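Line order of the protein sequences matches chains A and B.
Under the numbering used here, think of the first position of the first sequence as 1365, with each following residue one higher.
Under the numbering used here, think of the first position of the second sequence as 28, with each following residue one higher.
Calculated from the structure, these hints are not laboratory results.
Remember, predicted model here, so these are calculated numbers, not experimental data.
Take the hints with a grain of salt, since some may be wrong.
Said to hold, decoys possible - For each label pair, taking beta carbons as the anchor points, the in silico distance ranges come out as: (1) Thr1589(A) with Arg446(B): 51 to 57 Å; (2) Asp79(B) with Ala1438(A): 52 to 58 Å; (3) Ala1438(A) with Glu94(B): 52 to 58 Å; (4) Val372(B) with Thr1589(A): 55 to 61 Å; (5) Val1473(A) with Thr379(B): 53 to 59 Å; (6) Arg82(B) with Leu1437(A): 52 to 58 Å; (7) Ala180(B) with Asp1480(A): 36 to 42 Å; (8) Ala1438(A) with Asp81(B): 54 to 60 Å; (9) Pro1479(A) with Arg82(B): 50 to 56 Å; (10) Asp1555(A) with Ala180(B): 56 to 62 Å; (11) Ala387(B) with Val1473(A): 33 to 39 Å; (12) Arg1477(A) with Glu430(B): 29 to 35 Å.
Said to hold, decoys possible - Looking from chain B toward chain A, a few residues come up when the C-beta cut is under 8 Å (computed): (13) Asp396; (14) Ile410; (15) Glu417; (16) Gly418; (17) Asp421.
Glycine included, every Cβ here is placed at the ideal spot set by N, Cα and C.
One letter stands for each residue in the lines below.
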Amino acid sequence: MSSDRVLCIEGLCARVGDTHILAGIDLEVRPGEVHAIMGPNGSGKSTLSHVLMGRPGYEVTAGTVTLDGTDLLALAPWERAQAGLFLALQHPTEVPGVSLESMLVEAAVAGGRDPDGIRAALVVEAERIGFDEKFLDRPVNVDLSGGEKKRNEALQMSVIRPSYAVLDEIDSGLDVDALAAVARRVQDATDETGLGVIVITHFSRLLEVLEPDRVHVLSHGRIHTSGGPELAEQLEAEGYTGILGEAVDVPEVAVELGPGPDPFADPLG
Amino acid sequence: MPNAFNPSVSAALPGPAWLVDLRREVVEGIGDVAPPSTDEEVWRYSRIGDLDLDRFQPLATQTPLVEPFMDPAATDANAATAVLRNGWLEEFSISEEAAALGVTVGRIGDLGDGADYFASVLTTPVDLFGHLNRAFGPEPLAVMVPDGVRLDAPIVVLVHTDADSAALFPRLFVRCGVDTDVTVVEHHTSSSDVVSVVAPVLEAQVEADARLRHALVQDLGTGLWNLVHQAFRVDQNATVETFVAGLGGCYARTRTDCRLVGRGAEARLTAAYYGEQDQVHDFRTFQEHAAPDTTSELLFKGALDGTSRSVYSGLIRVDPEAVRTRAYQTNRNIKLSADAWAHSVPNLEIETDDVVCSHASTVSPVDEDQLFYLESRGVPTTIAERLLVEGFFDEVISRAPTEAVGLLLRAALVERLDRRLRNFRPEAAA
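Whenever a hint applies, use it, and build me the whole structure from the sequences.
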């Protein structure tokens, strides 16, 4: 039943250490849809992406996340990936000594998929996304420029073919050509494989090439406002202050991993 | 001296008069040598306190060969091959090409000038095991490469142990003459079921402008106490590359003394080790700079699983005259289990100003961010750890002196990581 196919986030609350960052996120992403999440620094955008993939250090305190009916929060990160979730990281990690191919082969084997076609798929997708083939034999992300790392994230997404992808600021550090290539590949995946996308971005620039079905503005760990593509244009014209009003003046909370300063601590102790 | 080390055993060993006399002198003085203790810095954190030497007998004669232990075909490509079994020279061969160039492999006692070389690099034993090796080593081996000889193929020495409850003292001398290029690979193996003490000594003399690549692949059974002492003397503009693969043994200690005595001498020291169950890997290194413009660079990397432990203790010593020394020392450890432990103690002792020295050591679990990255692509945690550990060793594997040694080390690591994986997921054993 196609109605069962949905990435459903309900009332999601999460904290890092003592700092509560997500304060009740509700979001439904269906196959083929592109949802853009925008918001000022510290609004919880990156935290949402990490919580969805289960990064250690991020603790869910309330709410549910289901992927096509599967309770995602009950799974280990690698099981979430196998269930069909992909996370393109804002800062892709360098992994010395591990090749891209061996990583994807192990992922395929663990998922019971045939790993024989991985190399060929990498070559085809690298060409499609403009990722230099010579980088395919390097250890994962090692000695790649910021832009190449982002292309590499999109490349892996294309080979893994997840049901849903969270793209965390995949546009940062990309030049115009690379941005267009990555956005086109994501857009194609929504058409070709019905990929559902959550795209987290600061800039409406990306949304000119990757057209969102819905735009959500995040503030203080909640979705403050949702709308169509026109909301991104409004943001471009008015800034967050225009949309969020005085809400943006409230102190930001830390989003760095690890216990940050507690904004609610009694300063007189 | 432990009771089992009877002087009559030493007296019964073969060799020319100079060697027999030397053994007797050592035996006479050995009563004054105290056994090592963990109170000494160089034995700190070691397992030496658990070793009861009285349970092990030195051998007066070779034991009968019970089972074959080597595929002879594996020797075809070597410049020379020698097999020391329980310290006795079992067999040796030399390629026609190497023989024509004057390379010799055989008992040091059979050399006309053997007495000049024996104990010429390691002039004074540093501990009881050094004394015991001199007194109870039956057939010290010598590999002699004359000046100007460059060998493409390696000289391979198999040091095999199959005597049980024995204290065994293999010994090897390597001479790399002026302007030579030599690769020596030692494989230390044992029957899997024996419990013995093996305390081998290597002396290597690397003369001016020579290059020696040396590997010690230690793949002993887990019942063995292994106490290796290797000493390298490196002369003017000569280079030594040492490589240790520490895999087996219940307690496996390798002490490496690398003394750069000639201007412009260089040393690159590498080790890879993997601990399982309750193994202890113990490395003590001395990078001694005794001449100007000398360079040494050390990289030791290990992974520790189960309740295994490792000790790395290294000293960079720079003499007053060793100006413009460059010396580097890096020890990195991955803890694969909460109960594993790694001690890492780098030390500097520098007596001149004009030097560049650095040391670094780390002990940490698998990198959390790297692990999460692999998991986020769908790689199960244990397999991701395995990929990361393999990757961690890439850097040292690439420094192996021969491709064969690199492949052998990689295979041994993969075997251990597979074993680890099976412990996590019994169903994968099939």
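Now for the hints, and whether the structure bears them out:
no., hint, in the structure
1, Thr1589(A) with Arg446(B): 51 to 57 Å, "55 Å, holds"
2, Asp79(B) with Ala1438(A): 52 to 58 Å, "53 Å, holds"
3, Ala1438(A) with Glu94(B): 52 to 58 Å, "53 Å, holds"
4, Val372(B) with Thr1589(A): 55 to 61 Å, "59 Å, holds"
5, Val1473(A) with Thr379(B): 53 to 59 Å, "56 Å, holds"
6, Arg82(B) with Leu1437(A): 52 to 58 Å, "57 Å, holds"
7, Ala180(B) with Asp1480(A): 36 to 42 Å, "38 Å, holds"
8, Ala1438(A) with Asp81(B): 54 to 60 Å, "58 Å, holds"
9, Pro1479(A) with Arg82(B): 50 to 56 Å, "51 Å, holds"
10, Asp1555(A) with Ala180(B): 56 to 62 Å, "60 Å, holds"
11, Ala387(B) with Val1473(A): 33 to 39 Å, "36 Å, holds"
12, Arg1477(A) with Glu430(B): 29 to 35 Å, "33 Å, holds"
13, Asp396, "5 Å, holds"
14, Ile410, "5 Å, holds"
15, Glu417, "7 Å, holds"
16, Gly418, "2 Å, holds"
17, Asp421, "4 Å, holds"
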